[in-house]
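Heads up: the protein sequence lines correspond to chains Z and D, in order.
Letter 56 of the first sequence, counting from 1, is numbered 57 in our numbering, and no numbers are missing.
Letter 244 of the second sequence, counting from 1, is numbered 1267 in our numbering, and no numbers are missing.
Hints should not be assumed to be uniformly reliable.
Pairs of lysine-lysine, BS3-like flavour, derived with a Cα cap of 30 Å [stated by the list, open to error]:
| no. | chain 1 | residue 1 | chain 2 | residue 2 |
| --- | --- | --- | --- | --- |
| 1 | Z | Lys245 | D | Lys1101 |
| 2 | D | Lys1105 | Z | Lys245 |
| 3 | Z | Lys245 | D | Lys1168 |
| 4 | Z | Lys29 | D | Lys1165 |
| 5 | Z | Lys29 | D | Lys1168 |
| 6 | D | Lys1297 | D | Lys1260 |
| 7 | D | Lys1161 | Z | Lys29 |
These stretches of chain Z come out as covered by chain D in the derived footprint (C-beta under 8 Å, 3 or more residues) [as the list claims (entries may be wrong)]:
| no. | stretch |
| --- | --- |
| 8 | 13-20 |
| 9 | 85-95 |
| 10 | 243-252 |
Since the hints were derived computationally from the structure, they do not count as laboratory data.
We put the CB at the ideal spot given by N, CA and C, even for glycine.
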Amino acid sequence: MPLRNFNRQFFRGIAVVTEKNIRLYYTKPPVIIFGFLFPLFMFLAFYLGKEVDFHVFFPGLLAMFLFFIASSVGPLITPWEKQAGTYERLLSFPVSITTIILGDSAAGMIFGIMINVVVLAVGLITLNYCLNIMILCLGMLLGAFCFSSLGVALASPSVQNPSYVMMFSSLIRFPLIFISGIFIPLEDLHGLGRILCYFSPITYLVDIFNFSLRGQSNIALIVDFAALFIFSLTFVYLANRSHKRNLMRGL
Amino acid sequence: MKKESNKAIEVRELTKRFGDVTAVDHISFGIRKREIFGFLGPNGAGKTTTIRMLTGLITPDSGDVQIDGVDIRKNPIKAKMKIGVIPEMGNIYVDLTAKQNIILAGKFYGIARGELENRADALLAKFGLLERADDPVKTFSKGMKQQVNIASAIVHSPELLFLDEPTAGLDVQSQRMIKTIIREMNQRGTTIFLTTHNIEEANVLCDRVGIINNGEIAAVDTPEGLKRTFEETQSVKISFDTPVDVSEIEESRLVIRKEKLGDKWRLYTDNPDKLVKYLAQFAQDNNLIFTTMEICGASLEDAFVKLTEDK
Ligand SMILES: Nc1ncnc2c1ncn2[C@@H]1O[C@H](COP(=O)(O)OP(=O)(O)O)[C@@H](O)[C@H]1O
Ligand SMILES: [Mg+2]
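If we strip away everything but chain Z, and leave its shape as in the complex, we get (with noise of 0.2 Å):
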C-alpha cells in the first residue's frame, strides 16, 4: 500500500523531528529566556503591587504563559540549524518541508504544554475552580499548537540570522499579546480594542480557559475553537510557504 507507507513515513519523519528538537534546543538559553523568564516578568510587571483578582485573571495569564512558551522555540531552530549547517544535512532524510514544519510545532506545542500544566496546577491548588476539564485539555492542545505554528512561520523571513529572528518575532508577539482580551476583560473592551481582539488568537483561547475554569464565556466555545483552528492552518500554510521561498537563504 503505497499510501499507507507514505503515511507511515510522514508521521515517522514528524517524530524523529520533534524528538531532535526537544533534545537539542529546549534547554537553550534563548528559549527559556524568551519562552518562561519573559511571561513571568510580564506578569510579574502587571500584577505586583496591584489589587487584582486573581481569580478573574488567572484564565489569561494561562493563556500568556501558553502563548509565549509555544512560540518561543519555533522562530529559531530553522536558523538556527542553518547557522550550524545541520539543515542541508536533515532536508536530506526522507522527509519533506511540512515534516520539519510539524515536527517543529509539535517541539513548542509540547514544550508548551508541559509548562502551563505546572502553571495550571499551581492555579488549581491556589484558586477554586470548578474545572470542565475535556473543555480545558482541548483548548490547551489546539492553542498550544496555533501558537507554536505561529512561531515557525516566523523563522522564515530572515533566516540566517537568529537575533534578527528573535526580534522580529518578539515585534508580532507582543502586539498579539496586547490586542487580546488577556489584560483587559473581553467584556470590558469597547469600540477599536473589541474589534482588534478578534485578530488575535489569543483572545480565543483565553474564553476557552475563561469558560473552562471560571463558566463564563463572550464568544461562543464553537466559535472559539473554529478560529484556533483556522489560525493554525493558516500558520501552518505561511510556515510551509516561507520555509520553501527561503529554502536557499543561508544554506
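Guided by the hints, dock chain D with the ligands onto chain Z, whose structure is given.
Relative to the frame of chain Z, chain D with the ligands by itself:
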C-alpha cells in the same frame, strides 16, 4: 509493472538558474548501477547545484531526475529512502554524540531500535570510533566528523550514495580512510556519485568521470578514456645500460618523433603497445638491458585543463 532498469540515476536536460547565473545548463547523463561516478569540475562549475537537484533539495527549473526509476520531483520521499547524502557543507549535530547522530539518522528510515543499535555499533567499529561513541561530536577532529557524517548517511544501507567533495579540507589520513570506505561500499554493491575538484582523486577512485564546467558537461568517459581522447600521441620513455643509436628503432615506423631527455629517449608513437613489444625484441637482439621503460599517456589533468579552458 515495474521495469528493472540498469540505470541508478537518469538525468535529462536538467537546468537551474539563480538570477542571471545559469548554474546548471541542460545537462543529461546516466549512471549505471554499482559504478563510482565522479563529477569533476573547477569551483563554481555547478557540482553542488547538480547534487542538490539529484537529491531533491532544490527544484530544477526544468528537466527531470530518476533515482532508480523513481522521479525525485513526483515522489521525493520514496526516492530519498533509496539514497544516502553527504552534502558539501552539511554538518551533523555537534551537540549530539557520534552514536546519537547515527541513531537519529536511522530513525528517519524506520529501522527498529535494536537493529539500529547494532548497526550504529558496527559502523562506529568500522570507522574506529567505538571508544569515542558517546562523546559529543563537537570534540571531534574534522576528519572524525566527516566519518560520523558518512556513517549516519549509510546506516540504512542505501543503494546509492551521494558525496559532495567528501575529502575537501581533510588531512591525508582521513582522505585515504574515506576513499577506502567509498571503495568498500562500492564493492558491496552501492552506486556512488561523488563530486570533486581533485583530479587525482577522480583518477584513482572513479569508474567514470563527468567533467562539468560553467554548468555544462564537457565530457563523460572513463579516466583512461578521457586521457586517451586528449593525447594526439603517446610516448614511451626508455634507456639502456649502454647508449644506443635510436635511428634503427625509428626504422620500425612506429616512432613518430623522438626526444632526448638526459640519458633517456622519449619516443612518441600512436601505438605504444606495439612499440613496447618491438623494443623488447630490439633489446634482446642487441643484448641490451633496460634501465628505464615507461609508457607515458597524457594525464587526466591535461584532459581536464583542455576541457575546462575557456573557449
Ligand atoms: N543559492 C544560490 N544562489 C545564487 N547563486 C548560486 C547559489 N548556489 C550556487 N550559485 C551559483 O551557481 C554556480 C554554481 O555553483 P555550485 O553548484 O556551488 O558550484 P560547485 O559546487 O561546482 O563549486 C556558481 O556560480 C554559484 O555562484
Ligand atoms: Mg560545491
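Each hint tested on the structure:
1. Lys245(Z) <-> Lys1101(D): holds (20 Å)
2. Lys1105(D) <-> Lys245(Z): holds (23 Å)
3. Lys245(Z) <-> Lys1168(D): holds (29 Å)
4. Lys29(Z) <-> Lys1165(D): This hinted pair holds, its Cα atoms lying about 25 Å apart.
5. Lys29(Z) <-> Lys1168(D): holds (23 Å)
6. Lys1297(D) <-> Lys1260(D): holds (14 Å)
7. Lys1161(D) <-> Lys29(Z): OK: lysine 1161(D) and lysine 29(Z) at ~16 Å, within 30 Å.
8. 13-20: Answer holds; 4 residues pass the 8 Å Cβ test.
9. 85-95: The restraint on the stretch 85-95 of chain Z holds, since 9 of its residues have a Cβ under 8 Å from chain D and three suffice.
10. 243-252: holds (count 3)
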